[in-house]
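Chemist: Spelled out, the chains give:
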Amino acid sequence: MDALTIHRLHFAFTVTFHYIFPQLTMGLALLLVVLKTMALRTGKEHYNRAARFWARIFGINFAMGVVTGIPMEFQFGTNWSHFSRAAGGVIGQTLAMEGVFSFFMESSFLGLFLFGEKKLGPKAHWFAGFLVFLGSWLSGFFIVATDAWMQHPVGFQFGPNGEIMLSSFWGLLLNPWLFWQYLHTMTGAVVTASFAMTAVGAFYLLVKREQDYGQTFVRVGVTAGIIATCLMLFPTGDQQGKNIAFMQPPTLAGMEGLFATQAGAPLALIGQPDTDNRRLDNPLVIPRALSFLTYRRWKAEVKGLDAFPGDRWPDNIPLLYFSYHIMVGLGTIFIALMALAAIQLWRGKLFGQRKLLWLLMLAAPFPYIANTAGWITAEVGRQPWIVYGIMRTADGVSRHVAAGNALFTLIGFMGMYAVLAMLFLLLIYREIDRGPEVA
Amino acid sequence: MMETLWFMLVAVMIAIYVVLDGFDVGAGIVHLMAARKDSERQHVLASVGPVWDGNEVWLLAGGGTLYFAFPALYASSFSGFYLPLMMVLWLLILRGIAIEFRNHIDSLVWKPFWDVTFGCASALLAIFFGAALGNVVRGVPLDNANEFFLPMWTNFGVGGNVGILDWYTVLVALAAFDTLLVHGALWVTLKTAGDLHARARRLAQVGWWALLPLVVLLTWASFEIQPRLSESFGARPWGYIFPVLALAGLIGMRVLHRGEIAAFLCSALFIIGMLTSAAFGLYPYVLPSSLDPHAGLTVYNAAAAPYGLKIGLVWFIPGMLLTSGYFIYTYRNFAGKVNLERSGH
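First to last, the sequence lines map onto chains A and B.
Numbering-wise, my numbering comes out as the position in the first sequence, counting from 1, plus 9.
Numbering-wise, my numbering comes out as the position in the second sequence, counting from 1, plus 3.
Each computed DSS-like pair below joins lysine-lysine, with the alpha-carbon atoms no more than 25 Å apart:
| # | chain 1 | residue 1 | chain 2 | residue 2 |
| --- | --- | --- | --- | --- |
| 1 | A | 53 | A | 128 |
| 2 | B | 340 | A | 127 |
| 3 | A | 128 | B | 340 |
| 4 | A | 358 | A | 217 |
| 5 | A | 53 | A | 132 |
Ranges of calculated distance between the beta carbons of each label pair, as one might list FRET restraints:
| # | chain 1 | residue 1 | chain 2 | residue 2 | range |
| --- | --- | --- | --- | --- | --- |
| 6 | B | 342 | A | 404 | 54 to 62 Å |
| 7 | B | 144 | A | 310 | 55 to 63 Å |
| 8 | A | 22 | B | 317 | 35 to 43 Å |
| 9 | B | 342 | A | 168 | 54 to 62 Å |
| 10 | B | 303 | A | 404 | 19 to 27 Å |
| 11 | A | 442 | B | 343 | 21 to 29 Å |
| 12 | B | 112 | A | 243 | 46 to 54 Å |
| 13 | A | 49 | B | 334 | 26 to 34 Å |
| 14 | A | 49 | B | 258 | 45 to 53 Å |
| 15 | A | 170 | B | 4 | 16 to 24 Å |
| 16 | A | 430 | B | 309 | 43 to 51 Å |
| 17 | B | 212 | A | 22 | 44 to 52 Å |
| 18 | A | 438 | B | 338 | 34 to 42 Å |
To list a few chain B residues with every Cβ distance to chain A over 10 Å, as calculated:
| # | residue |
| --- | --- |
| 19 | 170 |
| 20 | 209 |
| 21 | 213 |
| 22 | 224 |
| 23 | 242 |
| 24 | 275 |
The hints are simulated quantities; they were obtained by calculation from the structure and are not laboratory data.
Every residue, glycine too, gets a C-beta built ideally from N, C-alpha and C.
Could you build all of it, start to finish, from the sequences and the hints given here?
Modeler: This is the structure we're talking about:
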């Protein structure tokens, strides 16, 4: 393996593992505010206990998110020094703002939220929870703003030595790419959290313990879940797709496995991209649907990969294609499952339907897969650029950090994260086993 | 002008980081030495539990600020110190996990395991941070593109081949270890009572005596190895205020050792004085070259473009005001001796 590949795997591995945790905490922060609000409005201790249970789960996830998050900021400098030297003046802004505006808020008020309930009283405790939510969603904003700039660089100009200089701060924060990507990302986090809450509730109902909490978790989880899964598709997913279609057309072609430019382009449901022969093998398609989804006209022309020179093609089209299709496929299944659950909930029959509860319980891991697949789509889709259209990934790497050094630390991270994953699962299992009635 | 301002802001953020995370790293160093019973160890952990994460954010925020204000410095130093920084990351991970997970399972193998992890990771972190500071003061072999890649070890000769760990940087590492040991011991003294309090106090005193020869040796070696230090202090004598602050802190720790808060604040003053002395002495260099005394990264050739630096102030100032508010509020909420009943950690 060459050094570039190892450095790419290094970032990909550490960021993928890291994002397991924030996607839950960002979504859960919202659901915690919902539970705390219900506690305030009804005055029932039940909802406070439910919130405390999820706060414990939140705490474990948050700790994992913090310790796996620090390496992300460091790696911009350690593994991607040429990118950092060129673009640090721009993306350093949003990364520093994340620290200053969100991490300080999050860490300060999480301490109070977890340890200060008695001292603060109900309203102040609600407010501490709200600030944890605000902090975590701001953090998401600054990170997505950073990524959005790499996807669609705006508000900059080139300096005399080719360095990229910020020229419009508001351009950076109001990047047209950012708005929908941010909403899509955050809604995805709510999907993960709502599926997790539903799954734990379904588990309690299935094993017939903590049943009143089980019902609360399923009710809150399914309600949030049906809203979030629908928002994933429309408008956030739809608009994000349009961003890609207009701002990164080769990426759209790669995602859809569309090799040839055509009017009335079909939407591939299943198929395997064959880049050597430039075709999609074993395709199952909806005729003209891609043209309609992109341009709202059945006969519109959609540019295929053949419209672009090979050095602008995403460098791993099969991975891009599959990650995108996994994301969309799972997202569709999520809507169906949550719609079914919501109807049964509305009819008052969900809690007795064991088969559906089984499905809801087993569905919990899949939003993690869908969120991860979505990020792979975004990041592999941006290739071969580290900053779209202006800096190639190969030019951004730390050239003087040899492949062996990078492989050494990649292996180190793999070992350490394997242990962390086991610890994490153990502790989460224990919290679920202890249940909400404890303390 | 802007470059110098951001240099000062980043230096202050790093100093705040070392003072704040320094006491919880220090608490980790004294954890195994001062706290023997499980309840004592719980007290040490509870004294840092609600604040360590917020303290560590100063590293992230300071790093982020360094990144956008001096991107070339961030790029050169982080990639050049590749291996030790990765080890710092692993140590930060282990330490954070140890603090957060230790009290989750009440078992005679689980808790001691995390206690030892917490102690060792904290001790090694202090050593690595010290060595990093030593490397920055001594300078690194920057090439024409202002890049370098340092090996971890040297043959430990004096001068010539430098590595990340050589005699000088090991000396700085030892001084940093001892400084944070004292700082952490004073924090634990401040936050606890009883036997634990007494042992922490004794550790702080022993550590203080060990600090004296280290500081003398360190000062001599630094001026010997980095001639720019004496040039800076010679050219701008007002800068002696920084070493004087450090000295005042050092003496204050001893003189005021009965006042728990006063001694801790003196230790903080000592740390700030030492770090600002180093920053003042190196300025305008931020990463000197060990090959050529007149080469290296300076605040000017490492800084981002003027517009970014100017606009940065617009959000940085209100951001820091908000942050100070959170910290004052949080520390007041967790003020006083640790009370396990109340803290719930």
